[in-house]
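Undergrad: Each residue of the sequence shown is one higher than the one before, starting from 21 at the first, in the numbering used here.
Treat the hints as calculated values from the structure; they're not laboratory data. In this text the structure is predicted, and so the values were computed from the model without any measurement. There could be a bad hint or two in this list.
Stated by the list, open to error - Straight-line distance between alpha carbons at most 27 Å, and here's what the computed BS3-like set of lysine-lysine pairs gives:
#, residue 1, residue 2
1, Lys242, Lys216
2, Lys254, Lys287
3, Lys133, Lys114
4, Lys22, Lys58
5, Lys259, Lys237
6, Lys129, Lys242
7, Lys65, Lys118
8, Lys82, Lys114
9, Lys259, Lys287
10, Lys22, Lys129
11, Lys113, Lys82
12, Lys114, Lys129
13, Lys242, Lys114
14, Lys259, Lys242
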Amino acid sequence: MKILITGSTGHLGSATIEFLLNKISANDIAALARSEEKSKFLTEKGVDVRIGNYDDCDSLIKAFQGIDKLLLISASDLTNRSAQHINAINAAKKVGVKHIIYTSFIRQKDDSKSALWFIAKDHVETEGHLINSGIPYTLFKNGFYTDMIVDFIGPNILETQTIFLPAGDGKVNFALRNEIAEALANVLTREGHQNKSYNIGNETTVSFGEIASYLTKILGKKINYISPDVETYKKELAKHNIPEAAINMVAGFAVAFSENAMDVPSKDFNILLGRNATSVEDHLKRVFKK
């Protein structure tokens with residue numbers, strides 16, 4: 021059985037390959053990369069690196085030859101993402117790939133009026149195309165990366181002692197990227213996951229007010245949580261010369277959090293890991309007690 025990982029030089033793809041290397045031979049692992057230079061570290065591990073990209077369907081058809089299972093990691097190009105994913109699915113179908121695992125994201129519902137629709141739209145389109153393709157599939161609906169909490173609360177939290185984010189009292193399901201990679205490697209090397217959808221996150225969802233409480237306990241100093249209106253938040257970030265696109269992205273997620281768009285408790289992650297996933301509180305302890 022040959023497994024191919026797309027997005028192989030990114031954080032999630034490379035971490036998944038590391039977990040796979042502990043389970044199967046490097047000869048059974050292939051990796052899609054845009055260039056030999058960026059993927060040199062994979063070649064050195066004995067991984068079969070294949071050059072291609074989501075925009076070039078012919079390169080994908082060539083890269084997917086002889087592949088049994090494909091991990092399709094969602095693209096980072098927000099302007100053309102669903103078309104890129106559809107290219108990959110079509111190429112996989114043409115060469116006879118037997119199973120596609122796709123990394124989507126956790127959400128309560130698919131609603132074009134949701135603040136998350138700017139992210140959800142491409143995933144909804146991709147999931148639909150994959151399901152209708154007839155290729156056996158597994159959907160990994162990933163929670164928001166626990167690793168990114170520090171980015172949202174601010175790197176200077178020790179000085180400001182305040183989380184300033186328009187997330188209201190909304191709760192979010194978080195998941196550590198490295199543990200998602202571990203769960204992906206488990207699914208890729210086992211049977212029984214075809215035509216299934218998993219919500220990848222903790223059994224308990226968490227608000228940013230609760231995160232402030234965790235930090236208060238961990239740091240031994242009061243951490244406040246302020247949830248401003250969105251325009252006030254955007255103006256404050258603009259004062260720090262943060263690019264407008266980045267401001268809109270963070271604000272969009274914060275509003276979605278306030279709507280409980282990612283408030284989806286789940287046992288799926290623990291089952292796939294074979295243990296309890298790392299909680300938000302435990303992650304923060306590791307980060308701030310170094």
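Undergrad: Give a verdict on every hint.
TA: Going through the hints against the structure:
1. Annotation: proposed proximity of Lys242 to Lys216 is violated, straight-line Cα distance about 44 Å (limit 27 Å).
2. Simply put, Lys254 and Lys287 have alpha-carbon atoms about 35 Å apart, too far for the 27 Å limit, and the pair is violated.
3. Using a Cα cut-off of 27 Å, the hinted pair Lys133 and Lys114 is violated, with the two alpha carbons roughly 36 Å apart.
4. Straight-line distance between C-alpha atoms of Lys22 and Lys58 comes to about 22 Å, which keeps the hinted pair within the 27 Å bound.
5. Taking the CA atoms of Lys259 and Lys237, the gap is near 30 Å; set against the 27 Å cutoff, the hint is violated.
6. Pair hint Lys129 plus Lys242 does not hold up; C-alpha atoms about 35 Å apart against a cutoff of 27 Å.
7. Pair hint Lys65 plus Lys118 holds up; C-alpha atoms about 25 Å apart against a cutoff of 27 Å.
8. With a C-alpha separation of about 10 Å, the suggested pair Lys82 and Lys114 falls inside the 27 Å cut-off, and the hint holds.
9. A C-alpha spacing of about 41 Å is found between Lys259 and Lys287, which places the hinted pair above 27 Å, so the restraint is violated.
10. Of the pairs offered as hints, the one joining Lys22 and Lys129 is violated, with about 34 Å between alpha carbons and a cut-off of 27 Å exceeded.
11. A threshold of 27 Å between alpha carbons decides the hint, and for Lys113 with Lys82 the separation of about 12 Å falls inside it, so the pair holds.
12. A hinted pair counts as satisfied when its Cα atoms are at most 27 Å apart, and Lys114 with Lys129 does not qualify at roughly 31 Å.
13. Using a Cα cut-off of 27 Å, the hinted pair Lys242 and Lys114 is violated, with the two alpha carbons roughly 58 Å apart.
14. Distance hint between Lys259 and Lys242 is fulfilled; the C-alpha atoms sit about 25 Å from each other, no more than 27 Å.
In summary, the numbered hints that this structure violates are 1, 2, 3, 5, 6, 9, 10, 12, 13.
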